[in-house]
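The listed protein sequences correspond, in order, to chains A and B.
Residue numbers for the first sequence, in the numbering used here: 7 to 252.
Residue numbers for the second sequence, in the numbering used here: 18 to 186.
These aren't lab readings, by the way, just hints derived from the structure by calculation.
Accuracy of the hints is not assured; some may be wrong.
[Stated by the list, open to error] Now the stretches of chain A that chain B is said to cover, found in silico as 3 or more residues with beta-carbon under 8 Å:
| no. | region |
| --- | --- |
| 1 | 33-42 |
| 2 | 45-58 |
| 3 | 68-81 |
| 4 | 196-205 |
| 5 | 232-244 |
Keep in mind it's a predicted model, so treat the numbers as computed, not measured.
Backbone N, C-alpha and C define an ideal beta-carbon position, used for all residues, glycine too.
As a plain string of letters, each chain reads:
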Amino acid sequence: MNIDLTMDGRRADRFDAMVAEYFGPEGVPAGFAGGVLARAAARQTAAAGLLDRLAVHATPRGVSLIRPGEQAVAEGAAARKWVERARLELSEYLLGQRSFFSVPVDLSAAPEFQQKVLGAAAAIPFGEAQPYAWVAGRIGHPRAVRAVGTALGRNPVPLIVPCHRVLRSDGAVGGYIFGVDVKQDLLDLERTTPVLEGCATTRIVCRVGCVHGRRMRSDSRVIFASVEDARSVGYRPCRVCKPAAA
Amino acid sequence: MERVVRKDEAAFGELVERYGGRLLAVARRLLGSRADAEDAVQRALMQCYLGAGGYQPRWALSTWLYRIVTNACVDELRRRGVRTAHAGAGDEEPAAFARPADAGRRIDVGRALERVPREARVLLTLHYVDGLSNGELASIRGISVNTVKSQLARGKAILRRALEEGGRG
Numbered sequence: 007m008n009i010d011l012t013m014d015g016r017r018a019d020r021f022d023a024m025v026a027e028y029f030g031p032e033g034v035p036a037g038f039a040g041g042v043l044a045r046a047a048a049r050q051t052a053a054a055g056l057l058d059r060l061a062v063h064a065t066p067r068g069v070s071l072i073r074p075g076e077q078a079v080a081e082g083a084a085a086r087k088w089v090e091r092a093r094l095e096l097s098e099y100l101l102g103q104r105s106f107f108s109v110p111v112d113l114s115a116a117p118e119f120q121q122k123v124l125g126a127a128a129a130i131p132f133g134e135a136q137p138y139a140w141v142a143g144r145i146g147h148p149r150a151v152r153a154v155g156t157a158l159g160r161n162p163v164p165l166i167v168p169c170h171r172v173l174r175s176d177g178a179v180g181g182y183i184f185g186v187d188v189k190q191d192l193l194d195l196e197r198t199t200p201v202l203e204g205c206a207t208t209r210i211v212c213r214v215g216c217v218h219g220r221r222m223r224s225d226s227r228v229i230f231a232s233v234e235d236a237r238s239v240g241y242r243p244c245r246v247c248k249p250a251a252a
Numbered sequence: 018m019e020r021v022v023r024k025d026e027a028a029f030g031e032l033v034e035r036y037g038g039r040l041l042a043v044a045r046r047l048l049g050s051r052a053d054a055e056d057a058v059q060r061a062l063m064q065c066y067l068g069a070g071g072y073q074p075r076w077a078l079s080t081w082l083y084r085i086v087t088n089a090c091v092d093e094l095r096r097r098g099v100r101t102a103h104a105g106a107g108d109e110e111p112a113a114f115a116r117p118a119d120a121g122r123r124i125d126v127g128r129a130l131e132r133v134p135r136e137a138r139v140l141l142t143l144h145y146v147d148g149l150s151n152g153e154l155a156s157i158r159g160i161s162v163n164t165v166k167s168q169l170a171r172g173k174a175i176l177r178r179a180l181e182e183g184g185r186g
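Go ahead and model the full structure; you've got the sequences and the hints to work with.
Structural data, given as structure tokens:
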């Protein structure tokens, strides 16, 4: 019995030593803090710059048009409310604090084919991308790749309906109403924006940008890699934004 | 920290100087590669700087920094999950450690860690890199101290078993 205990003790020492060695410290490269400050400045400038040069239009049913231009005051209380909400959500999105839009869109003026194309683009998850041919296949017109490109190019509500997540088959970024650089920036932004956040006080996990999440204090924000992970440490999915379904 | 909240760049530099090494160690062990670790820590610190007002004085500064860096790393792991599901392959970097004599051992621990479920792996990493207490771990991940204890115990058991199996093989 005694011998067994000693063996276990030795094995435990070796385990601890091995693990401790693995987790040793790392050096900080020169200019690290400066790099962070430069990135922060670039992010703020890009977000404010894009928001300043786009105009949001709305009907009482929702956002109907987003185009380069100067923002005008919308007519009617309902339309004004949608414009205001869209601009708030766009600002959060561009600062990396939102992973989906909840403001309604009004696409009733768009032709049926374009509505289908926009519906397919909207199905591409945040942070991912698909080629034009994928959209064509999804709406049942696999050979209409060019028409799909045109329909996306005329997307009445870019950013909210994510036509920027559709790329050329050769991996090139393709065109964009706000310019190819902005399209690439949006893809990069989405690649680095979290999707699932938990609230440490309520132990509820939401999609980033949920109304519940917006009321969350910033020191309660915990990011998860999956709803399952969150469940494993005592969180439950939000009933409003339904992260398990996303 | 008061000065970082006021967006004082020199104060921010001091903060990075003081905590950067430990934050990079956590990120490196969670993400596997030095380049990914630097990127994640930079992004996390950028958020600290942009939203420095979110800091609560009742928190230890290190707890807050670990929270934000861990958040960034966990999100990177989520993206890898998506990418792996699509591409069918990960992109680990197991052979890049410095001292050749230790390389085998380090890879052993790295491989063994991959068998530990994600949340437990995060807690184990924070526990081993800076010897944080269970209470601090609970604050960093927003979970109860009891959950920390059970996750650490489970994680250690899996790690130990994986290392022993590896040693025999």
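Each hint tested on the structure:
For the region 33-42 of chain A, the stated coverage by chain B is satisfied: 8 residues place a CB nearer than 8 Å to a CB of that chain, which reaches the threshold of 3. Under a criterion of three residues with beta carbons nearer than 8 Å to beta carbons of chain B, the stated coverage of the region 45-58 of chain A is upheld, 4 such residues being counted. A stretch counts as covered by a chain when three or more of its residues have a beta carbon under 8 Å from one of that chain; for the region 68-81 of chain A and chain B the count is 0, and the coverage is violated. Under the rule that three or more residues need a Cβ within less than 8 Å of chain B, the assignment of the region 196-205 of chain A holds, with 7 such residues.
Under the rule that three or more residues need a Cβ within less than 8 Å of chain B, the assignment of the region 232-244 of chain A holds, with 5 such residues.
Hint compliance for this structure: hint 3 alone is broken.
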